[in-house]
Amino acid sequence: QVQLQESGPGLVKPSDTLSLTCGVSGYSISSSDWWGWIRQPPGKGLEWIGYIHYSGNTHYNSSLKSRVTMSVDTSKNQFSLKLSSVTAVDTAVYYCAKKPAAQGWFDSWGQGTLVTVSS
Amino acid sequence: QSALAQPASVSGSPGQSITISCTGTSSDIGAYNSVSWYQQHPEKAPKLMIYDVTNRPSGVSNRFSGAKSGNTASLTISGLQAEDEADYYCSSYTANTPVFGGGTKLTVL
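Chains A and B are the protein sequences, given in the same order.
Using this note's numbering, the first residue of the first sequence is number 1, and each one after it goes up by one.
Using this note's numbering, the first residue of the second sequence is number 1, and each one after it goes up by one.
Hint data in this document are derived by calculation from the structure and do not stem from the laboratory.
Hints may be right or wrong, so weigh each one.
Simulated crosslink set (EDC-like; lysine to aspartate or glutamate; CA at most 20 Å straight-line) [claimed, not checked]: (1) A:Lys44 - B:Glu43; (2) B:Lys105 - B:Glu83; (3) B:Lys44 - A:Asp107.
Bear in mind the structure is a predicted one, so any value in this text is a computation, not a measurement.
Given only the sequences and the hints, what does the whole structure look like? Please build it.
What follows is the structure, encoded as structure tokens:
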């Protein structure tokens, strides 16, 4: 059974780059599936950030595209998110999730990690 | 893309049925059968409950069902139980882009 686990700093300074990694266990990241990031500001709804295939192909939310970079490390079975020039509005719980190939839903999710942007 | 419209809250008594609506446009919900629903308990990750409008993943109770009419999708929960109290999010997938609804808080009275 696939398990996902987010890791990274819980506190990031304004204007810095937020960096998170999602470790995948029980499943090969080099499958046909896509690997995504979704965030949720405190007390608010879900926002899709983007997703990546092990081949390196990506799709990003157009509203965040200029600040987002995703990458995959197949040797470590993990994928990563970088969000640059962060501000307080980027404070959120960040989830990584698995999206089956050619489908529009996320069937497995990590537990989420809270990232606070503050000086 | 704009977020899908959901009621902020719904409520029902144990044993009753409730329906949560999710309204989009003719370009998203109305155009494709790629609507999914997620359940989120407090401080927990979302859980997929319905995909492709009507399908339930393995392990999801058959008390949960989905439907779509025009630009509006819906999630019905029958035989409400206390454990169903949670936030529910719809999502539509168009042009490689998932869009979520604003979420609906379900209270079991």
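Outcome of the hint check:
| no. | hint | result |
| --- | --- | --- |
| 1 | A:Lys44 - B:Glu43 | holds, 12 Å |
| 2 | B:Lys105 - B:Glu83 | holds, 13 Å |
| 3 | B:Lys44 - A:Asp107 | holds, 15 Å |
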